[in-house]
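Chemist: Work out the full structure, taking the sequences as your base and the hints as a guide.
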Amino acid sequence: MALNTCHIDTAIPAASTLDFFYTLAMVSFRRSNPGPVRYSAGTLAKKGLSGDDWPRVWRDHELKSTYDVVIIGGGVHGLATAYYLATNHGITNVAVLDKGYLGGGGSGRNTAIVRSNYLTPEGVAFYDRSLTLYNSMAADLNINVMFSERGHMTLAHTDSALRTMHWRAEVNKLQGIDSSVIDPQEVKKLAPSLDVSSHPRYPILGALHHPPGGIIRHDAVVWGYARGADHAGVHLHQKTEVLDILCEGGELADGKGAGGKVTGVRTNRGDISAPIVVNCTAGWGSLISNMAGVKLPINTHPLEAAVTEPVKVFLPTVVVSGSLHVYVSQTDRGELVFGASVDPLATYSMRGSLSFTEELAGHILELMPGISKMRLLRQWAGLCDMTPDYSPIMGFTPVEGHLTDVGWGTYGFKAGPVSGEQMAECIATQQTPKLIAPFKLSRFETGELVGEKGAAAVGH
Amino acid sequence: MLLVPCPNCGPRNQSDLRLLGAAVPRPNPNTATRAEWGEYLYLRENPADWLQETWYCRAGCRTYFTLERHQATNEFRNPPMPGDKVGNSTYTTITVGSSGKQAGANEGDRK
Ligand SMILES: Cc1cc2nc3c(=O)[nH]c(=O)nc-3n(C[C@H](O)[C@H](O)[C@H](O)COP(=O)(O)OP(=O)(O)OC[C@H]3O[C@@H](n4cnc5c(N)ncnc54)[C@H](O)[C@@H]3O)c2cc1C
Ligand SMILES: [Zn+2]
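So the protein sequences, as listed, match chains V and L. Counting from 1, one number per residue, gives the positions in the first sequence under the numbering used here. Counting from 1001, one number per residue, gives the positions in the second sequence under the numbering used here.
Take the hints with a grain of salt, since some may be wrong.
Claimed, not checked - Listed next, the stretches of chain V that the computed footprint assigns to chain L, with coverage defined by at least 3 CB atoms under 8 angstroms from CB atoms of chain L: (1) 93 to 102; (2) 352 to 361; (3) 369 to 378; (4) 439 to 448.
As the list claims (entries may be wrong) - Just some of the chain V residues that point at chain L, by a computed CB distance under 10 angstroms: (5) Leu49; (6) Gly51; (7) Trp223; (8) Trp284; (9) Gly285; (10) Ser286; (11) Asn290; (12) Ser349; (13) Asp389.
The set of hints was computed from the structure by calculation and includes no laboratory data. Backbone N, C-alpha and C define an ideal beta-carbon position, used for all residues, glycine too.
Modeler: Shown next, in the form of structure tokens:
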């Protein structure tokens, strides 16, 4: 388990010296514009001893009338894109607009599982890059993201499922990913609470084991990118809803649609002109791209999750069962976090349902009969932008200046870092990077689908 | 769980039915372009608004029919009544009664 903590960049001198130094420093500090403050044990102590305000993590700004890049959606994807635009490419005249609060969409509702053991070579290479970025994130963003590399196990209950696991393991190994099929005895060793006997209706026949997978503190990832982007000069605008995308020259009404180009956005706080408008709104993605006259092959479905009361740690790894439509992991605080596949009904409503908890409880007890008395504390839902092949839609669209980073379905949290990095490169160079080329929108016309359903329908 | 106003059975649990999504006309296979096939196979309306959808009453009367559902509030509007022409068939079974009307009573466009 790799628990990363924040960095201590200065030793703390004696309090009296510090006090004196800081009284002096504060005088000049108050006169100048208080810029971003680097978080560290040193600054925390200085601020505590000087009695001065601990600055807000990111700042509010007036909405400017022009930006070089407008990013719609303040989830991990929008924020990471802004962060890498500013830090990797020096493009800082950037706005991130969110109609609610940062991380209020899927980025604050997911079950925080990260892994790279996908089914297609394109998918594996892409998600593996994200894992690399997650590994150094605590240091890069200077925030405690609590990345717990506890391993990820996908159970097989049928012969055909076991075949798919072997297939995935081979694809993974070819890409240099640590991934292998293990037998029920090894499963029992990794997760002693699982029933590996032949009694259950769906006995455990084996599993795909992926040691580098794990869970991460999702809110901290969002806040880390938000703070990093803010410090680099990006404007983060919360409660700023995009009502329309302004276009000219396109084949549809108001200059929208293929052949046209983007000129800006209309928001509830006024119009912004911008040559580049990026759609990072996940579940709301089709509504946003429709505003530019671009239709996306996306259906929005809710995905539900639930969490139990905390108990002592007994489940050291993430467990997924495709056949039983459940997955479970235990947080560092001891709660069991459960999830399933998306609700079958396409809708923008995030209301939870009793049928979800009922089915979830039934299925989880088939795996772990011993936890039948545990109480569920909470359940919630988020919106998932499902594509036909369970892969995202990234890059350019037929409308110049309108880019998408959507189609994240139930698996997009782990992809946040790599998507931000690649989308930033795409915007800065105006060329599609190799890693995201397979996820182009035009694949639905040419038939070059990147089928990941076998690896992403239940295990997110 | 939604109560779905089946035109034959009246309101039924959502789990008794299967939602097949918006009905899309099949292009002419002799003349369709790649783009048209792509659109037919993959592109779907996904509005946060009213949408006509095809349902299959799999655990009940086993018929296919179209209903209008608001994709953000999950209300049904103007569900078909016995005798209405829905899809290719005319419904004649009289089991809907007042409950069927109730389930679809939200006539106004509550957006
Ligand atoms: C219950 C659940 C469990 C999940 N588990 C996992 C998991 O274990 N692992 C994994 O990798 N993925 C998981 N996911 C998927 C993952 O959460 C999402 O794919 C990911 O968070 C998408 O991030 P995003 O930044 O693209 O979008 P979001 O975080 O959804 O952000 C989109 C933002 O757009 C804003 N927006 C929408 N419309 C407008 C508008 N008109 N104007 C301005 N702003 C607007 C919204 O307010 C929202 O904040 C899960 C999802 C759910 C719901
Ligand atoms: Zn029926």
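Chemist: Which numbered hints are broken by the structure, listed smallest first?
Modeler: 1, 3, 5, 6 and 7
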